[in-house]
Structure formats: structure tokens, C-alpha cells
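S.K.: First residue of the sequence shown? That's 52 in my numbering, and the numbers climb one at a time after it.
By construction, these hints were calculated from the structure, which means they are not laboratory data. All figures in this text were calculated on a predicted structure; none of them were measured in a lab. Treat the hints with care, since some could be wrong.
Said to hold, decoys possible - Here are the computed lysine to aspartate or glutamate pairs in the DMTMM-like style, where the Cα-Cα straight-line distance is at most 25 angstroms:
1) LYS155 with GLU178
2) LYS207 with ASP250
3) LYS256 with GLU65
4) LYS206 with ASP138
5) LYS165 with GLU140
6) LYS207 with GLU140
7) LYS153 with GLU131
8) LYS233 with ASP184
9) LYS256 with GLU94
10) LYS155 with GLU140
11) LYS165 with GLU131
12) LYS92 with GLU81
13) LYS207 with ASP156
14) LYS233 with GLU200
15) LYS141 with GLU131
16) LYS233 with ASP250
17) LYS126 with ASP147
18) LYS126 with ASP156
19) LYS126 with GLU81
20) LYS92 with GLU200
21) LYS126 with GLU94
22) LYS182 with GLU94
23) LYS126 with ASP138
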Amino acid sequence: MTTFAKEFTLSSYESFSDIYSRAVSRFGSETTLRNQLISPKSEQQLLNISDDRWLAAFTQKIFQSGMNWQVVRNKWPNFENAFFQFDVEKMLLIHDEMWEEKAKDPSIIRHFGKVMTIRENAIMMSEIQAKHDSFAQFVATYPSNNIVELWQYLKKHGARLGGNTGAYTLRIMGKDTFLLTKDVEGYLRNQQILTTGRDTQAALKAAQSAFNHWHEESNLPYCQISQCIAYSVN
Numbered sequence: 052m053t054t055f056a057k058e059f060t061l062s063s064y065e066s067f068s069d070i071y072s073r074a075v076s077r078f079g080s081e082t083t084l085r086n087q088l089i090s091p092k093s094e095q096q097l098l099n100i101s102d103d104r105w106l107a108a109f110t111q112k113i114f115q116s117g118m119n120w121q122v123v124r125n126k127w128p129n130f131e132n133a134f135f136q137f138d139v140e141k142m143l144l145i146h147d148e149m150w151e152e153k154a155k156d157p158s159i160i161r162h163f164g165k166v167m168t169i170r171e172n173a174i175m176m177s178e179i180q181a182k183h184d185s186f187a188q189f190v191a192t193y194p195s196n197n198i199v200e201l202w203q204y205l206k207k208h209g210a211r212l213g214g215n216t217g218a219y220t221l222r223i224m225g226k227d228t229f230l231l232t233k234d235v236e237g238y239l240r241n242q243q244i245l246t247t248g249r250d251t252q253a254a255l256k257a258a259q260s261a262f263n264h265w266h267e268e269s270n271l272p273y274c275q276i277s278q279c280i281a282y283s284v285n
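Throw the hints in and build the complete structure from the sequences for me.
M.R.: This is the structure in C-alpha cells:
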């Protein structure tokens with residue numbers, strides 16, 4: 052039996068002004084809250100990011116998953132050297148034996164499965180480059196009012212970019228996206244906006260619809276709406 056998320060009308064959602072007011076009260080003042088909110092990059096700023104930086108960002112987030120983030124940061128210069136600053140074209144030229152050697156390099160974190168995501172994600176990016184001016188152009192022009200579709204694309208065509216990994220990387224790089232953190236997911240469930248597994252099509256569609264509503268109401272970026280929801284409940 053197929054399960055569908057509850058259909059919401061505009062009046063079903065809590066007013067964002069109420070969400071925002073709770074977040075302000077937790078910080079003591081609107082100024083203090085505003086100082087905590089991040090701003091997304093403009094489309095032009097995203098277009099200016101070279102594709103090697105996207106591959107590097109995906110890789111760093113993949114290695115940080117399940118590990119101490121600072122350990123990854125400390126070793127990151129070694130990753131940059133080992134993988135030719137994550138030049139996408141160069142990644143496609145590395146032969147299998149060299150990949151195996153790099154996965155054993157003691158100067159980086161030795162994890163064969165995660166190392167091989169570099170090649171797989173470089174392949175994904177090269178396929179996108181063949182259809183767009185660059186991977187950066189693909190991301191920069193992707194509409195935030197359907198950002199969950201981009202999450203799903205990364206999960207389907209990339210390696211280890213499902214869950215929060217792909218979405219977090221987009222946020223870190225400046226793409227305007229909400230995040231389904233524990234606090235945000237908890238709020239959406241409490242409001243019965245999410246009624247299925249978090250990563251199901253129904254849940255993602257329901258979350259996107261809710262954020263689209265709050266974006267239209269507040270005219271705030273999706274990333275700031277996401278933060279305000281998290282702050283309003285925690």
C-alpha cells in the first residue's frame with residue numbers, strides 16, 4: 052500500500068511570524084538572532100566557484116561522516132596534494148592501481164570506500180559538465196523551491212551523497228537550501244507535515260511545500276527559515 056504525506060492547505064501551516072517570534076525570544080533580541088543567521092551566496096557567486104572546489108567539498112564532507120571533523124581538517128592539505136587539488140579531469144585519468152595506492156597513503160585517512168567516491172563523484176560531475184557549462188552552473192541555477200530534487204539527484208548519481216551529506220555540502224558552499232536536521236525534522240513531525248520516513252519522496256515533497264510556503268510568507272532565504280525553525284524549538 053502506498054503511503055502519501057498529508058496534504059496541507061496554506062492555513063494548515065503555522066505562521067512563520069510565530070516561528071520567528073519564538074526564535075527571537077530564545078535569543079533575547081531580534082538583533083542577536085539575526086547575527087546567527089547565515090546568508091546564501093548569490094547565483095553569480097556560486098557560478099564563480101570552480102568545479103574542483105565542489106569535488107573537494109563533497110569529499111571532505113564524506114570523510115567527516117562518522118569521524119572527528121577536526122582530524123579530517125588537519126589532514127586536508129594532504130588530501131589536496133594527493134588528489135591534485137581535486138581537478139575533475141585529472142581524477143578521471145587515474146588508473147585503478149593508483150587509486151589503490153592512494154587509499155593506502157598514510158598522509159591521508161585510509162578508507163578505500165571513501166577514497167573511491169572521489170572518482171565516482173568526479174564521473175558524475177563530468178557528465179553534468181557535458182550538459183552544462185560547469186557543475187557550478189548546474190547547482191547555481193537549480194531552483195531552491197525544488198531543492199529536494201537536487202538532493203535526490205546527488206544521492207542517485209553521486210557516491211555517498213545521500214542523507215544529509217549532499218544537502219550539508221550545498222549549504223556549506225553557499226547554495227540556499229534548508230536542512231532536515233533533528234530539530235527541523237522534529238518540528239515538521241510535531242506539526243504532522245512529515246508522516247513518513249524522512250528520505251521518502253512523500254516526506255521530501257511535504258517538507259519542500261512547507262518551506263516554499265514560509266519562503267513566500269517571509270521572503271527569507273530557505274537557509275534562514277531552516278535556522279529559525281531549529282532555534283524556535285531548541
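S.K.: So which hints don't hold here, by number, going up?
M.R.: Violated hints (numbers, rising): 1, 8, 13, 19, 21; every other hint is consistent with the structure.
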